[in-house]
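Chains as they are written, first to last, in the working numbering: chain E, -16 to 94; chain S, 315 to 423.
A portion of the hints provided could be inaccurate.
As the list claims (entries may be wrong) - Each computed DSSO-like pair below joins lysine-lysine, with the alpha-carbon atoms no more than 30 angstroms apart:
id, chain 1, residue 1, chain 2, residue 2
1, S, K383, E, K40
2, S, K422, S, K377
3, E, K53, S, K410
What the hints assert, rightly or not - Far from chain S by the CB rule (all over 12 angstroms, computed), these chain E residues:
id, residue
4, E(-2)
5, T3
6, S5
7, Q24
8, N36
9, E55
10, T62
11, G86
Said to hold, decoys possible - Label-pair ranges, simulated between beta-carbon atoms:
id, chain 1, residue 1, chain 2, residue 2, range
12, S, E359, E, S5, 31 to 39 angstroms
13, S, G355, E, I43, 17 to 25 angstroms
14, S, Y365, E, D21, 28 to 36 angstroms
15, E, D21, S, S333, 24 to 32 angstroms
16, E, K53, S, P322, 18 to 26 angstroms
17, S, A367, E, D37, 27 to 35 angstroms
18, S, A324, E, F(-5), 25 to 33 angstroms
19, S, E323, E, S(-10), 29 to 37 angstroms
20, S, S332, E, T3, 25 to 33 angstroms
None of these hints come from the bench; they were simulated from the model. Cβ coordinates follow ideal geometry from the N, Cα and C atoms, glycine included.
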Amino acid sequence: DGGITQSPKYLFRKEGQNVTLSCEQNLNHDAMYWYRQDPGQGLRLIYYSQIVNDFQKGDIAEGYSVSREKKESFPLTVTSAQKNPTAFYLCATGEGNYEQYFGPGTRLTVT
Amino acid sequence: EDQVTQSPEALRLQEGESSSLNCSYTVSGLRGLFWYRQDPGKGPEFLFTLYSAGEEKEKERLKATLTKKESFLHITAPKPEDSATYLCAVQAGAGKSTFGDGTTLTVKP
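Start from the sequences, fold in the hints, and give me the full structure.
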């Protein structure tokens, strides 16, 4: 069953704690992306990776970190430096200049 | 800097009442324009890719068109199940897309 898995679906953390969001894919796509979505808004790019062991900052990378040690996995860490971490986080995969495929998302709430 | 503006922000239609959603863009060297559908609390679902001005794509009640400055998503005789947020995105290079804020469509029976 091909697709993108994000876990967990809901995540709650206390302010000041780092938290890691998981994203796994079995579509064999080279590129993977992390987006943040706030209520009533579109998607903003946090980080993306076009190949294993390489990644680039997106438009809102401050307070976030990523790794890409395997083609199938692209975890996102939300650090305590991120001022407003509460949001809906979406992982996507793609190939070249073609469409992206999205996971189900993780809703993070920090209090 | 690439920019995507979608209008209107929200659109309420009666079932069967056709309409169009607009996506205006400014980008250096468009490689592709994408339409996605997003249901509440879920990830976006791919609908169409358009690559060049004059291109059109159709799927059921939806038709996407592209000019050099904008794209339209035409919805013909919509049904309540077409209610969702429709997102437009452009890709200029390096596999990186810029998204608009979306149009939330509500179709009332």
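We went through each hint and held it up to the structure:
no. : hint                                       : in the structure
1   : K383(S) with K40(E)                        : holds, 27 angstroms
2   : K422(S) with K377(S)                       : holds, 20 angstroms
3   : K53(E) with K410(S)                        : holds, 20 angstroms
4   : E(-2)                                      : holds, 24 angstroms
5   : T3                                         : holds, 19 angstroms
6   : S5                                         : holds, 14 angstroms
7   : Q24                                        : violated, 5 angstroms
8   : N36                                        : holds, 16 angstroms
9   : E55                                        : holds, 18 angstroms
10  : T62                                        : holds, 23 angstroms
11  : G86                                        : violated, 5 angstroms
12  : E359(S) with S5(E): 31 to 39 angstroms     : violated, 21 angstroms
13  : G355(S) with I43(E): 17 to 25 angstroms    : holds, 21 angstroms
14  : Y365(S) with D21(E): 28 to 36 angstroms    : holds, 30 angstroms
15  : D21(E) with S333(S): 24 to 32 angstroms    : holds, 27 angstroms
16  : K53(E) with P322(S): 18 to 26 angstroms    : violated, 43 angstroms
17  : A367(S) with D37(E): 27 to 35 angstroms    : holds, 34 angstroms
18  : A324(S) with F(-5)(E): 25 to 33 angstroms  : holds, 30 angstroms
19  : E323(S) with S(-10)(E): 29 to 37 angstroms : holds, 32 angstroms
20  : S332(S) with T3(E): 25 to 33 angstroms     : violated, 46 angstroms
In this structure, the earlier hints numbered 7, 11, 12, 16 and 20 are contradicted, and the remaining ones agree with it.
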